[in-house]
Amino acid sequence: MAATGTFLQRCHRTLTETYRLTPQLTSHLPRKPFHPHRPRPLTTAPASTTLMTSFSQPLPEVAPRTRLTPLSPSYYTGSPEYYDNLLALQDLLRSHEALPTIHGDEAPEVQWKTMDEYRLIIGDRVKPSRYNKVIRILDRLNRIDPAIMPAETKAALALYTRPENPELKRRVERTVDNFGRAYAIGRRKTAIARVFLVEGEGQALVNGLPIIKKFSRMHDRESVLWPLIVTNRVDKYNVFAVVKGGGKTGQAEACTLAIARALRIHEPALKHALREAGCVTVDHRQVERKKPGHLKARKMPTWVKR
Amino acid sequence: MVNLYGKALRSFFGIGHNVADRICAKFSIHKTARISQLTQPKVTAITSEMTKMVIDTELKRKIADNVIRLKDIGTHRGKRHALGLPVRGQKTKKQIVNSRRFNRLQTNI
Amino acid sequence: MVSPILWRCPQMPHIIYPFKSGLRIHSFTTTSPLSAKPLKPKGSPPSSKMNPGKQRMQSSKVHVKKKPIMVQKPAYEVGQRKELRKRIVLSNTNAIPVVLPTMTADLIGNEDAAGAMFALPSREADTIVDRLRALEAFQTKQHWPFFYRPCTLFRKETVEVGRLLERVMRREGAGEDGRVNERAILHGYYGCGRSMLLLQAMTWALQKEWVVIAIPNAQDLVIGHTEYELEGNSHLWLQKAYTTDLLNRVLEANQKTLKGVGFPSSCPARAMMKISQSYRLGRTDEVQKGDLMKTVLETAVLDPLLAWDAFNALLGELSLPGSPPALFALDNLNQISIPSKYRDPAFNAIHSHDLALPNTFLAYLSGKRGFHKGVTLAATSSKCSRTLALDAALEGRGVDPYERLDPRIGPSIEGAQIIHVDSLSKEEAKALMDYYNESGIMKDPVDIATFNEKYAVSAGNPRDLFGACLRIRQ
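Protein chains in written order, with the UniProt record's numbering: chain H, 1 to 306; chain F, 1 to 109; chain P, 1 to 474.
Hints listed in this document are in silico derivations from the structure and should not be mistaken for laboratory results. Treat the numbers as computed from the prediction; the structure is a model and nothing was measured. Hints are not guaranteed to be accurate.
[What the hints assert, rightly or not] Now the in silico label distances, taken between C-beta atoms and shown as ranges:
id	chain 1	residue 1	chain 2	residue 2	range
1	F	GLN37	P	PRO407	32 to 42 Å
2	P	ARG471	H	MET115	47 to 57 Å
3	F	THR57	P	GLN80	34 to 44 Å
4	P	ASP400	F	ILE68	53 to 63 Å
5	P	LEU302	H	LEU209	51 to 61 Å
[Unchecked claim] Here are the simulated lysine-lysine pairs, DSBU-like style, with alpha carbons at most 30 Å apart:
id	chain 1	residue 1	chain 2	residue 2
6	P	LYS86	F	LYS31
7	H	LYS248	P	LYS383
8	H	LYS296	F	LYS91
9	H	LYS236	P	LYS443
10	P	LYS383	H	LYS244
11	H	LYS236	P	LYS426
12	P	LYS430	P	LYS443
13	H	LYS271	H	LYS244
14	F	LYS31	P	LYS383
15	F	LYS71	F	LYS52
16	P	LYS426	H	LYS213
17	P	LYS289	P	LYS256
18	F	LYS94	H	LYS299
19	F	LYS52	P	LYS341
20	P	LYS341	F	LYS7
21	H	LYS189	H	LYS236
22	H	LYS305	F	LYS94
23	P	LYS156	P	LYS430
24	H	LYS213	P	LYS443
25	H	LYS291	F	LYS94
26	F	LYS93	H	LYS299
27	H	LYS271	H	LYS189
28	P	LYS259	P	LYS274
29	P	LYS141	F	LYS31
30	P	LYS156	H	LYS213
31	P	LYS430	H	LYS236
32	F	LYS91	F	LYS79
Glycine included, C-beta positions come from ideal geometry on N, C-alpha and C.
This is chain H alone, in the form it adopts within the complex (with noise of 0.2 Å):
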């Protein structure tokens, strides 16, 4: 297929000569074959010693052309590794863009080299921002359905792709226990919560309180069963949470993370809805500390001249 010719030769340049240590020019004069492994100086020396040095022999054809230009578009980006790279994936997405995507949830799961791997390939320091940058591209191309996800896709993803370790792998499925119970723990704030949910007729237990007693006011009830509420099963389950930690509203919002959690457990196809609902997104935020020589996180005393 030509189009894989193209890309993977493209690729091949990024990612092979890595250890070029002088840019490399090119001059549009016809020249002997390129040697790409072979390091050019960065002079147009060629061009003029054969003028210089053999006055005896005829002169050559007059060059249409004596500018010498970068063999990469990328030269003068100061990472044209990096950016020779970006565009070639770039421009698969582009090819590919109207191809039919799936949900990202269903995308066959992936781990994509880490970012210290993929220096080593494109043999540069690559900033945090940029390997996301070319992540997102890879996550993407990723979603493309696999069943009609073109050769020349694959090829260029299995370039970025680690290799399994079933050792590593990082989630273990949860299931319901022997009890029926599914089990989840959510925080929020500086509160924990560990929830048990078991199918049943709609009781609420927090810290063995009904939640009446343990979440007087009725916002932090109804963020509590939020999770419940959104997919219709307040009557179909039962909670028995444990909260420590917290005031009630962290209190109450890791419970609606954990109640979450859990009822994915029991009802993996409410993944969508729930996340449609807000109640899977982990707020990781956390109180600022406050600093010295301001009043509390950010504030400042008034400013007084003398």
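For this one, chain H is given, so just place chains F and P on it according to the hints.
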């Protein structure tokens, strides 16, 4: 329609929340009572109670006398009063407006 | 089609909405006429076309800012704002009327009626609502202004309260002297409906021509806002002004009973309305045997100095054989379980139990005193500072030597039955929500999913259930 606790009693120099509260308690008068609601014996009792107390002009004079006494016996406190400066060892670099206002030998009675 | 409901509700006059976010004011135009630009006066046509020079001159003048015209609001008269704040609106003609059976005295202790809504007797048929209003049984926090007429939910706790009345009427467990006294405390979480249960008990008692004495909010007794004075003999503090008010309410609510109307002439209760012995009123007055109780109370209402003695005379008469049954109710029991805001001459806080009225009520609650036939009913409140001693006593906890609890609280409620007012059951909540729906409170049609959501969020708490139903989700 004057509230005894809130307005009437506390209009005197020397009677604040605490003293007014105690006077009311002494004669079993509740806090929202109006003067018009009081019985004559209670009004008389309060009046006689207040004649026994050192308040208003009398109290102001007493305070002034104390200050003059300090000055006369030549104490440091007396001097500071005379100069209109803080008496109790405060710094005088800034913020002594209140001292200038209040620390005098003769208070305006 | 919910729009007629929505158009109606916001037009209710003179109502203070307990939920600000609940209803939006709808008007038929989107622009308020007040905020519209004023029309230009017809007399001065625009001069810019005619004389542009003049226009320029005018604009170069210093612009004088016009003072906004202040519309002075009519000043409130003394007590007017308090009256507005305490105003009870019991019916709303914009709400949809719901046909419901009436809460009659036949239902006392009827288990089958539990879980259904009932309307309070309508005004045309009876004066019960007015009499309840006189007793201040309705409270501003109870959402009456949202409905066409006052209705209540018959709960399983209502059955229990009814049982108390029933036992007294049937004279179950009467002693040798024929006295029957039932004593109970309604206790539960915030907003669980204790005051409403008191209201239901009073409704039945009034229908059965009992004498109803009600202290609608015990807080008024202890916050130091009424007159007080020491009574030498009993070492109790009398609150004569408050007692006068109380007698006034009792008189108004029990007119019929005190006149003896509705009793057959052979009935001993009718005879009771005449005083059986002479009482001293105040220092000088005296009532003779054979005087009408009503006359005594009417005299006392006019003179606060006689009020306390007249109140005692009433209680004394109610403890004699042949007297009609009585209901003595008090709301916010917690308030009289903490030191009051009153001070004695030595500036010590007066214990609430040393105030004569709370003392008397607690004597009835703990069984030290009793009616010939009567129910003493108290309701706790959650809007009160910590009352650890009362909580301990209500839970029946033993004495913990490390806890410094007020030793007077425990004995004061000893022996009273504690009725735990629970959350609503699903059936009760469904009945209540159906009623809300039919009255036009709910925005969306109610289905089982909505019900499940509201029930879960409110955890079956009646106050929160109303809040959850009224709220319009954006």
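Taking the hints in turn, this is what the structure says about them:
1. Between GLN37/F and PRO407/P the beta carbon distance is about 36 Å. The supplied range of 32 to 42 Å therefore holds.
2. Checked against the hint of 47 to 57 Å, the pair ARG471/P and MET115/H passes, with Cβ atoms roughly 49 Å apart.
3. With their beta carbons about 40 Å apart, THR57/F and GLN80/P fall inside the hinted range of 34 to 44 Å.
4. For ASP400/P and ILE68/F, the hinted distance range of 53 to 63 Å is satisfied, since their beta carbons lie about 60 Å from each other.
5. One distance hint, 51 to 61 Å for the beta-carbon pair LEU302/P and LEU209/H, holds here, with the actual separation near 53 Å.
6. The hinted pair formed by LYS86/P and LYS31/F meets the criterion: a straight-line CA distance of about 21 Å does not exceed 30 Å.
7. Straight-line distance between C-alpha atoms of LYS248/H and LYS383/P comes to about 20 Å, which keeps the hinted pair within the 30 Å bound.
8. Straight-line distance between C-alpha atoms of LYS296/H and LYS91/F comes to about 28 Å, which keeps the hinted pair within the 30 Å bound.
9. Between the alpha carbons of LYS236/H and LYS443/P the distance comes to roughly 25 Å, so the proposed pair stays at or under 30 Å and holds.
10. Under the criterion of a C-alpha separation no larger than 30 Å, the hint pairing LYS383/P with LYS244/H is consistent with the structure, at around 27 Å.
11. In summary, the hint linking LYS236/H to LYS426/P is supported, as the alpha carbons are separated by about 14 Å, within the 30 Å threshold.
12. Distance hint between LYS430/P and LYS443/P is fulfilled; the C-alpha atoms sit about 16 Å from each other, no more than 30 Å.
13. For the hint pairing LYS271/H with LYS244/H, the CA-to-CA distance comes to about 26 Å; that is within 30 Å, so the pair holds.
14. For the hint pairing LYS31/F with LYS383/P, the CA-to-CA distance comes to about 22 Å; that is within 30 Å, so the pair holds.
15. With a C-alpha separation of about 29 Å, the suggested pair LYS71/F and LYS52/F falls inside the 30 Å cut-off, and the hint holds.
16. Between the alpha carbons of LYS426/P and LYS213/H the distance comes to roughly 18 Å, so the proposed pair stays at or under 30 Å and holds.
17. This hinted pair checks out: LYS289/P and LYS256/P have alpha carbons roughly 21 Å apart, not beyond 30 Å.
18. For the suggested pair LYS94/F and LYS299/H, the alpha carbons sit about 25 Å apart, so the restraint of at most 30 Å is met.
19. Distance check on the hinted pair: LYS52/F and LYS341/P sit about 27 Å apart at the alpha-carbon level, within 30 Å; holds.
20. Between LYS341/P and LYS7/F, the direct Cα distance comes to roughly 19 Å. Compliance with the 30 Å bound is thereby established for this hinted pair.
21. For the suggested pair LYS189/H and LYS236/H, the alpha carbons sit about 29 Å apart, so the restraint of at most 30 Å is met.
22. A distance of roughly 14 Å separates the Cα atoms of LYS305/H and LYS94/F; the hinted pair therefore holds under the 30 Å criterion.
23. Our distance criterion of 30 Å between C-alpha atoms is met by LYS156/P and LYS430/P, whose separation comes to about 14 Å.
24. A C-alpha spacing of about 29 Å is found between LYS213/H and LYS443/P, which places the hinted pair at or below 30 Å, so the restraint holds.
25. The straight-line distance between the Cα atoms of LYS291/H and LYS94/F is roughly 28 Å, inside the 30 Å bound, and the hint therefore holds.
26. For the hint linking LYS93/F to LYS299/H, the alpha-carbon distance of about 27 Å falls within 30 Å, and the restraint holds.
27. Taking the CA atoms of LYS271/H and LYS189/H, the gap is near 23 Å; set against the 30 Å cutoff, the hint holds.
28. About 9 Å separates the Cα atoms of LYS259/P and LYS274/P, which keeps this hinted pair within 30 Å; it holds.
29. For the suggested pair LYS141/P and LYS31/F, the alpha carbons sit about 27 Å apart, so the restraint of at most 30 Å is met.
30. Straight-line distance between C-alpha atoms of LYS156/P and LYS213/H comes to about 21 Å, which keeps the hinted pair within the 30 Å bound.
31. Restraint check for LYS430/P and LYS236/H: the C-alpha separation of about 18 Å stays at or below 30 Å, so the hint holds.
32. Of the pairs offered as hints, the one joining LYS91/F and LYS79/F holds, with about 16 Å between alpha carbons and a cut-off of 30 Å not exceeded.
Checked against the numbered hints listed earlier, the structure breaks none of them; every hint is satisfied.
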